[in-house]
Amino acid sequence: MSKSGYHSYDSFSGKVGIAFLLSSLLPYLLVIYLFVTEEIAVNEIFFLFSLLILLSMLSGFFIIRKSSRQLANLAAKTHFLLESEKSELVIEENADKEVTDIAGCFNRLMGQLTDANREMREQSVQLLTYAKDLSISHKKAKQEERLRMRMSRYVGKNLVERLLDQNEGELFENERREVTVLFADIRSFTAIAETMAAEELVVMLNDFYDRMVGIVFKYNGVLDKFVGDQVVAVFGLLGDKEDQSSDAVEAALEMQQATEELMKQRAGEGKKTFSIGIGINTGDAVVGNIGSRNRMDYTVIGDCVNVASRLQKIAKGGEIVIGAKTNEKSKRKFPISKSKNLNLRNKSEPVQCFFIAR
2 MSKSGYHSYD SFSGKVGIAF LLSSLLPYLL VIYLFVTEEI AVNEIFFLFS
52 LLILLSMLSG FFIIRKSSRQ LANLAAKTHF LLESEKSELV IEENADKEVT
102 DIAGCFNRLM GQLTDANREM REQSVQLLTY AKDLSISHKK AKQEERLRMR
152 MSRYVGKNLV ERLLDQNEGE LFENERREVT VLFADIRSFT AIAETMAAEE
202 LVVMLNDFYD RMVGIVFKYN GVLDKFVGDQ VVAVFGLLGD KEDQSSDAVE
252 AALEMQQATE ELMKQRAGEG KKTFSIGIGI NTGDAVVGNI GSRNRMDYTV
302 IGDCVNVASR LQKIAKGGEI VIGAKTNEKS KRKFPISKSK NLNLRNKSEP
352 VQCFFIAR
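Be aware that the sequence shown starts at 2, since it is given in our numbering, and climbs by one per residue.
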């Protein structure tokens, strides 16, 4: 509202002016009435009295006008503050007490609003920071979940959580290292499969794999792959790497026992049974993610892997055959039933192997 608007008839100063005008007419109307009725004479006293009334009225008018102007200025400055960046209302030093009180209250209110606005800005900055941190945490959580799902294909859940907690990325590093490889294969699988319905065969394999993988994870092994009826596991990537050979043999013994228990259950149900042969070998291998751009597998390749596969092939149902290095490096000595020197393809010298007594 413009300053001139405070002098209109509906403003405080306008109403005061109208009231003052009406009240000032009363003495003159009284004088005119007395003069008309000839009850008062026009003389020196009359003029002095009239002059005194006029001076009193003018004095009152200027006093009221000053106060109304202060109110108008106060209202105008208030509107100005709302449209500017200032936060303090400045008034005249000799302003009326009421105007001073109003300005003081207004300034305190503006101060409180300024403080509240500052706090809101600070809280907004904090909220933006929290939102950014939350976004980063959410992104990190999604990455960890993807990594958890990826790792769960190879290791047990307890090891997955331990690796994530310790922030160990060693499982997926590409490197050459010493490992112990285990091959477990179902004997006469082709003949068994030909006599079973596809659905029944799948159920049997899933039940078998579930037990074997659980044992591999129990002994800190990493699941490398399933190849038909064959389970391939690697030890020495996690847990006690110095005792990887013992872990592999312990796992093989428990795998044979678990298979025998499963076969007793299947025999009792009148279902087909089978046995497994296991080969284990220790040596250097290349470990890492191998494959194409669209499909990669974490696996091991090398001569020790090929030897482990050959040892598995000579193991009969229920037997465990280990390489010389596996037997040598095992801290827990296992009873040996016999040993052999095998002539393997692409090997210039015979390979010594040992049969674990059960």
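If you're looking for bench data, these hints aren't it; they were derived computationally from the structure. Ideal Cβ placement from N, Cα and C applies to all residues, glycine included. Accuracy of the hints is not assured; some may be wrong.
Only pairs whose alpha carbons sit at most 25 angstroms apart, straight line, appear in this in silico BS3-like list of lysine-lysine [unchecked claim]:
#1 314 <-> 334
#2 317 <-> 348
#3 219 <-> 334
#4 242 <-> 334
#5 242 <-> 273
#6 332 <-> 219
#7 265 <-> 242
#8 330 <-> 341
#9 317 <-> 226
#10 341 <-> 317
#11 326 <-> 226
#12 317 <-> 242
Ranges of calculated distance between the beta carbons of each label pair, as one might list FRET restraints [claimed, not checked]:
#13 219 <-> 353: 51 to 59 angstroms
#14 343 <-> 138: 52 to 60 angstroms
#15 177 <-> 266: 26 to 34 angstroms
#16 208 <-> 132: 47 to 55 angstroms
#17 243 <-> 120: 54 to 62 angstroms
#18 270 <-> 219: 33 to 41 angstroms
#19 270 <-> 315: 25 to 33 angstroms
Comparing the hints with the structure gives:
no., hint, result
1, 314 <-> 334, "24 angstroms, holds"
2, 317 <-> 348, "22 angstroms, holds"
3, 219 <-> 334, "20 angstroms, holds"
4, 242 <-> 334, "17 angstroms, holds"
5, 242 <-> 273, "38 angstroms, violated"
6, 332 <-> 219, "18 angstroms, holds"
7, 265 <-> 242, "35 angstroms, violated"
8, 330 <-> 341, "18 angstroms, holds"
9, 317 <-> 226, "22 angstroms, holds"
10, 341 <-> 317, "14 angstroms, holds"
11, 326 <-> 226, "23 angstroms, holds"
12, 317 <-> 242, "29 angstroms, violated"
13, 219 <-> 353: 51 to 59 angstroms, "29 angstroms, violated"
14, 343 <-> 138: 52 to 60 angstroms, "56 angstroms, holds"
15, 177 <-> 266: 26 to 34 angstroms, "42 angstroms, violated"
16, 208 <-> 132: 47 to 55 angstroms, "49 angstroms, holds"
17, 243 <-> 120: 54 to 62 angstroms, "60 angstroms, holds"
18, 270 <-> 219: 33 to 41 angstroms, "26 angstroms, violated"
19, 270 <-> 315: 25 to 33 angstroms, "32 angstroms, holds"
In terms of the numbered hints stated before, the structure departs from hints 5, 7, 12, 13, 15 and 18, listed from lowest to highest.
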